[in-house]
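Protein chains in written order, with the working numbering: chain L, 247 to 515; chain X, 2 to 697.
Honestly, the hints are just simulated from the structure, not real lab data.
Everything numeric in this text was worked out from a predicted model, so none of it was measured.
All C-beta atoms in this analysis are idealised placements derived from N, C-alpha and C, irrespective of residue type, glycine included.
Check each hint, because a few of them may be wrong.
Taking CB as the label site, the calculated pair distances span [unchecked claim]: (1) X:111 with L:440: 37 to 45 Å; (2) X:70 with L:262: 15 to 23 Å; (3) L:401 with X:583: 24 to 32 Å; (4) X:697 with L:275: 43 to 51 Å; (5) X:80 with L:262: 48 to 56 Å; (6) L:299 with X:422: 26 to 34 Å.
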Amino acid sequence: MNDALLRVTGLSVHYPIVRGVLFQRTVGSTVGIEDVSFTVSRREIVGVVGESGSGKSTLLRTLLLIERPSGGTVEYEGRSLFHATPSEQNEYRRRAQVVFQNPRSSLDPALRTERSVTEPLAVRGDVPVRSAQGAVTRALAEVGMETTTGDRFPDQMSGGQQQRIAIARATVSAPQILYADECVSALDVSVQARVINLLLDLRDRLGFAMVFVTHDLGVVRALCDTVLVLQRGRVVEYRPAADFFSAPTHAYSRELVDAARATELEPHR
Amino acid sequence: MNLPLRVLRLTGELAGRVFVILTITFVVASGSAGSTYEPYHVFYRYLIYVRNLATFSLGTTSDNVAAAFYITPAIGRSALVLIPPLIVAALVVMAVTRHAFVTRSTLLQRSAGSLLTVGYSIPIPFIAVIAFAVAGMTGWFPLGMTTSVGHASLPPFGRLLDTVHHLILPWFTVGLFPFLALTSSLIGRLNELGDAPIVTAGIARGLSRRQVFTHHLRRPLLATLVQQLASSMPIIVTYLALVESVYRYTGLGFFLIRPYTGSGWWSVSDHLIVSQAALVYIAVFAVCAQFLCRLAELILIPQLRHSEADAEPPATRWILAAAAGGVVIGVALTLLPPLAPISGWAGSALAITPVLVAVAVVARARRPDRERTERSASMTPEQHGIADPDDGEPQVKTLREAVRATGRALRRTGKRLSVSIRHNRTTATQIAVAAGLLAALLIASSIVPPPAPLPSMARINPSMVPLGQRITFHALTALATARSIVAVAAVAALGVLAGAVAAVATTYARPPLIHRTIGVVGLFPTVLIVVMLLNVVSGYAAFFYAFLFVAAVRSYHRFRDTLDLLRQEHFTTYSTVLGRGIVHQTIWHVAPNLRKLLLSSTIALSADLIVLRANLRFVGTWIPRGVAEADARVPGFLEELSRLMYSVNWGSAIQAGVGGFVRGYYLPVVFPVAFLLLAVLLLRALAGAIERWEHV
């Protein structure tokens with residue numbers, strides 16, 4: 247696949263079990279993720295699903311360079327991230343953004359919205375303030391927020407509005423890949439739908455790829471092109487979304503899909 | 002069951018704290034004796050001294066005769082003054098809290114914050130003086146003695162009654178602050194727990210409120226009580242020292258402070274030995290009391306007992322057990338002279354080595370995992386073309402445009418401020434009133450001339466001077482002291498800033514030993530810190546360093562707690578994802594979030610320092626070494642600042658008036674105390690209002 251933006255090959259994260267107090271030694275390890283491989287093409291949305299503790303967040307933290315892997319490689323545009331120089335890693339960070347689950351926690355309560363959205367631009371240090379303000383205004387408009395909301399603090403907004411601001415912060419620097427960590431699960435259903443539509447709309451307009459971590463298969467069905475299923479840190483299924491939902495191959499995937507169907511409400515008779 | 006392991010760990014912590022106390026007192030000893038003796042000699046003598054302290058056999062060496070004579074009996078006396086009021090306060094507070102829950106008393110529930118403010122604001126020696134005066138006038142309670150003259154000839158019950166009779170006033174004074182602090186904490190906790198699902202469910206099941214309290218609230222409230230007791234211990238012990246000084250009750254606190262007042266038979270050449278012994282015993286008592294509170298917490302809160310039980314490596318248990326066992330054996334060897342193989346170096350080393358091991362073990366066991374935060378190098382300058390240069394603010398090219406841009410920015414700031422004030426109307430009013438009154442107090446103290454001295458006959462019989470003239474004199478004298486608020490606030494600001502910087506440094510760099518050491522120092526009674534610094538540093542600068550130290554240590558923990566909370570938020574993770582380290586996070590997230598706390602802490606600590614200074618000055622602990630030399634020198638900025646704090650002082654004004662107060666002349670004391678309370682309450686109101694200010 248030549249147009250792969252991100253290629254993950256055999257990625258593993260192990261957490262060491264340390265024994266001893268005065269003389270510490272590693273006596274074993276627990277598996278965070280093991281031998282995870284997948285690719286993300288440009289404009290593609292990959293959904294990562296699995297139960298709690300399956301390694302979804304560990305995978306995301308590793309892709310965001312917060313965790314260091316025990317093995318495997320992550321290539322971004324053909325260059326290995328974990329063997330890259332700091333400036334190459336920064337180049338990646340400029341093109342990758344993240345939206346977290348809890349919008350209340352992901353925006354600094356002491357900063358006005360406008361300043362929060364400016365942060366990724368300020369970090370780059372190569373965009374003049376006046377230009378940054380224009381970009382912030384445009385990013386706010388793109389997520390359907392009025393310009394005046396830039397003057398507010400996060401506490402003065404609803405959860406849905408806060409998540410829109412978090413998305414605006416992620417998209418203001420024109421990322422090539424966007425990581426979303428359960429970014430709609432803290433919102434009510436109607437707001438979820440609006441945020442999902444917003445993300446699809448932004449993907450179409452800005453052309454970024456997405457890695458969407460969630461445990462909600464309904465959201466995956468609505469949003470994703472490809473599905474990656476994790477169980478106890480290992481990939482058990484990695485297929486296009488349509489194939490996955492029509493005929494899941496792995497027993498665990500079938501359980502997930504059946505459970506999702508079972509929780510859908512039956513029409514009233 | 003994880004309790005034994007937890008107890009072992011707490012024992013290790015206790016040993017570590019005692020070790021830190023000994024280290025600090027050794028530094029004090031070196032500071033005092035270092036110029037006379039060689040360092041190894043000071044260390045050698047100090048080890049013998051510590052060993053004698055541990056065996057309560059201070060009189061066995063020629064150095065420690067004075068300490069043995071005064072200190073050993075004082076330990077029991079101090080315990081007698083301190084422990085009963087704490088027990089009574091705890092029982093009464095539990096009863097009051099239960100009553101508040103059962104009767105749904107809103108009055109108590111609303112007054113939680115006010116009680117604490119009052120507890121921190123009232124100068125306890127002043128309460129002692131009032132009690133002293135009332136007792137003197139009514140004759141109901143004996144003063145200045147621990148027992149009656151014929152105490153020994155009384156029957157056992159009579160001796161008990163006699164002792165209680167003599168101790169009622171000290172008990173009342175010592176117990177007042179713990180009572181207010183505990184009531185405030187427990188009512189505050191009750192407000193949190195009162196609507197908890199478990200309470201609602203209990204009432205829905207048909208239980209009475211009394212039963213709900215007994216079954217569901219008593220245990221968590223008891224846990225809160227012991228936690229509050231542990232955290233208040235430094236202040237309680239400080240008050241013990243002050244109260245003993247006021248009542249001339251010859252306990253440990255009395256001997257801690259008395260050698261520094263420069264008067265009386267206690268001010269002998271070996272005052273250092275007396276004071277050091279009192280200092281070590283009081284500090285060890287404070288940490289032991291906290292140790293007992295932590296043990297009580299373990300018993301009361303099952304989650305504490307069982308948390309991390311499986312994560313504990315087996316080796317830790319054995320090493321902790323060995324360390325705790327080593328401490329016990331070392332102490333046993335030291336306490337039982339026949340078992341001690343040799344005195345001096347070896348005996349002391351036996352006692353201290355396991356302590357060192359325990360400190361190392363605890364420090365190592367608690368070491369957090371290394372952060373794997375990626376730190377970025379400089380960014381590559383590259384334009385992404387995401388923004389149109391014509392967007393946003395117009396480009397500033399000329400002076401006129403610059404002026405206009407500044408005007409726009411000012412208008413915008415003014416508009417934001419106006420919206421913010423409208424939103425926080427009540428808080429803004431409180432701030433305006435408190436700040437206005439404080440400013441009026443300061444301006445009045447600056448522009449009103451100092452009073453003309455009263456005629457000399459006023460000293461003999463104040464009633465010979467017209468009442469109006471006396472009122473004017475005392476009011477102006479008290480007002481003049483307000484000027485030193487600025488000096489105190491400046492020191493508090495520096496201390497708070499130092500505390501904040503230390504908190505940021507230890508949060509991000511995470512050196513656990515430094516953090517733990519600051520934690521232990523924070524447990525010291527404030528008066529000990531001040532006394533130690535007055536002993537080590539000479540001249541007026543001693544006050545500067547003492548207050549700077551107190552402010553920094555007190556504010557450190559507050560900032561550290563806030564920063565620990567901030568680090569758990571996703572926005573700091575986001576900054577890490579952006580590849581930025583401590584500098585970026587400090588500018589973008591730490592500074593904006595600590596801004597309000599910096600201001601409110603400075604103001605609140607100014608109030609604390611004013612009360613502390615008044616207390617210390619009042620009991621006479623205000624004579625540092627080398628003041629005469631300091632007076633002869635050309636003063637630097639620090640000395641000038643400290644001199645202002647030293648010379649203009651509510652504590653001295655109150656002290657000057659106490660003699661008259663006891664004889665029934667109230668004016669000399671009423672004005673300084675009234676001004677002091679007014680200033681402290683205004684500062685606290687201002688700090689509280691700033692903390693409540695909401696972003697808009």
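Evaluated hints:
1. Separated by about 42 Å at the C-beta atoms, residue 111 of chain X and residue 440 of chain L satisfy the suggested range of 37 to 45 Å.
2. Under the hint 15 to 23 Å, the C-beta atoms of residue 70 of chain X and residue 262 of chain L, about 59 Å apart, miss the expected range.
3. Taken as a hint, the range 24 to 32 Å holds for the pair residue 401 of chain L and residue 583 of chain X, whose Cβ atoms sit roughly 26 Å apart.
4. For the hinted restraint 43 to 51 Å between residue 697 of chain X and residue 275 of chain L, the CB-CB distance of approximately 50 Å keeps it satisfied.
5. At roughly 49 Å, the beta carbons of residue 80 of chain X and residue 262 of chain L sit within the given window of 48 to 56 Å.
6. For the pair residue 299 of chain L and residue 422 of chain X, the supplied restraint of 26 to 34 Å is violated, since their beta-carbon distance comes to about 49 Å.
In terms of the numbered hints stated before, the structure departs from hints 2, 6, listed from lowest to highest.
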